[in-house]
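Participant: Just so you know, the protein sequences line up as chains S and D, in that order.
Position 67 of the first sequence, counting from 1, maps to 66 under numbering that gives the first Met the number 0, and the rest follow consecutively.
Position 175 of the second sequence, counting from 1, maps to 174 under numbering that gives the first Met the number 0, and the rest follow consecutively.
No false leads were mixed into what you were given.
A pair holds if it fits inside one copy or across any two, identical chains being indistinguishable in the list.
Cross-link-like lysine-lysine pairs, in silico, PhoX-like; alpha carbons within 25 Å at most:
1) Lys87 / Lys72
2) Lys90 / Lys323
3) Lys87 / Lys14
4) Lys186 / Lys72
In case anyone wonders, no lab produced these hints; they're calculated from the structure.
Protein chains: 2
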Amino acid sequence: MRILLDVMGGDHHPKELVKGGIEIGRLRNVEIVFAGDPQLISRALADLGEADGNTFHILPCSQVVQMDDSPVKAVRDKSDSSLVRGLKELKAQSVDAFVSPGNTGAVVAGSLFALGRIKGIPRPGILTSLPTLEGQDTFLIDVGATSDCHAEHLVHFAQMGTTYAREVIGIETPSVGLLNIGGEQGKGNRLMTKAYQLLENTDLRFVGNVEAHQIIMNRPADVVVADGFVGNICLKSIEGSVSAITGILKKSIRESVVAKLGALLMKRAFDSLRSAVSYQKRGGAPLLGVNGVVVIAHGRSDAETIASAIDVARREVEANLTEKISQAVPHSVQNGS
Amino acid sequence: MRILLDVMGGDHHPKELVKGGIEIGRLRNVEIVFAGDPQLISRALADLGEADGNTFHILPCSQVVQMDDSPVKAVRDKSDSSLVRGLKELKAQSVDAFVSPGNTGAVVAGSLFALGRIKGIPRPGILTSLPTLEGQDTFLIDVGATSDCHAEHLVHFAQMGTTYAREVIGIETPSVGLLNIGGEQGKGNRLMTKAYQLLENTDLRFVGNVEAHQIIMNRPADVVVADGFVGNICLKSIEGSVSAITGILKKSIRESVVAKLGALLMKRAFDSLRSAVSYQKRGGAPLLGVNGVVVIAHGRSDAETIASAIDVARREVEANLTEKISQAVPHSVQNGS
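Chain S with its partners taken away, still in its complex shape (with noise of 0.2 Å):
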């Protein structure tokens, strides 16, 4: 398997990109495609004791897709990017995914551009991973990639979150809640309450609306979908609270000795709350709708993040996912695009 990882896009210096990508290669026996620019990856490869070769190969590229480029004015204009480039690799099937801690919307636009969308799936959804004191992640679909949904397009949100924690997390029959502000059916926006309608009218395991405090507590739901819009402000309405609460506390032991004491007896419990809450495990976005294997990271992913979002990548090459979710979606529904 060849697993193309996109350098250049995100917030870390490549080379910490090149160090995960290594790491996981070895780990999972899988060849990583580095792409960008060619001088700075061969110095990260032999200062981490490797060379371009029969595992980690250089795909030199010569442009940067920035963090506040515009999508589609970046995939059109910048056509030697590590981005661009990437993308056009997979779509010609020298590699099995493209992985890319870059701007989300150029990796949409970009995806949908190159790769094509897979039949009957009018609109791509990104699904991510969410940590819950269930001790079991749940996923939420969609988060950015679709911003003004129609409630079909949430159907397919669901039929491809099920494919996802079907074929390549192994749950066996997963169940689908619909995000939204009150538990009964009825309630919410006129998007919800036909979307409502609409899952409860398939085979899927729909088990009804599920309301933001729950996701994170409870885990209603093994699959969450959301129109993009309101799976993002979600997405990050908890990053934003973790972030905010896990500041709060290191300030407080910074500034008293007798807490600093206090932290260190408390060190299994803070760890037990890093790892409950930590996205660096949770890596890798899978966008999902798009003919092929793409699997977005954060934009500040370090060495650690990006392996997880290659290995998240590796999973779905692995459970042959984009064929999967192909026969999953009844090509006759109505797609509403």
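Please arrange chain D on chain S, whose structure you already have, making use of the hints.
Facilitator: Here is chain D on its own, set in the frame of chain S:
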């Protein structure tokens, strides 16, 4: 000043709410009218050393709007409920404000029905205050009154939120941000793109888009505007994260003596965390846009929270907020109703 408290709709026993009403009534020298089961209320008053008299009053009601009642149906069918009777008292101006920890949808529907809308504001919004790392709260509007918004409604929310922040909180020229999934203009869905354009052309101090993770981290604006569906998801995501994290810490502390000692040493750190994220002290969410002062308290409200909600109502009345909002909204604005 006279404030009416609906003691029947919340999760707690009416006695707990009567306690909160007595506390704030004494502290602020405000008359409180308790609406609900007269026997329960008079017993609670007696237990707390008070009686139906000059400061505290009883409005006897025989029905209760339950949390899971359908809002419109409950308002229509339960004419002798504390919720409906309370709002009628407000309409008749025999009280200055109405506070309820009950069914939010029913309070909104009942308020629209009994009080009507402020001219020029076709859709009401619920404003809530959120803790931030900066110390000062930020105000999010709407968190659930109007779940299908037009861009014009978001402008009204901005106008009402600004008026609240200025007249009630005392912020001279409040800044307004739009809750969106990206910082730059043009990001987000169609609704937000349009609302951005409209807000740019008002005389409000519009600071552009703000993202969900920034709200409690950086306090990017005094007032953050969202459609009711998205605002509710944001609020509940934050609440759920805070509960989950404090839950994880509490569990770890319970399970280990060493951690218990550590937590003792970190008491001040945890106290500052609790006060930063406490929703007890933020008990009241004003329903803005209706003709009268209505404050919605959390269903889980205890005495402290309900006292805080009544105090929010008191400050609104003192600031003459309903009148100020009416003056702030140009009646000629296209109201998208």
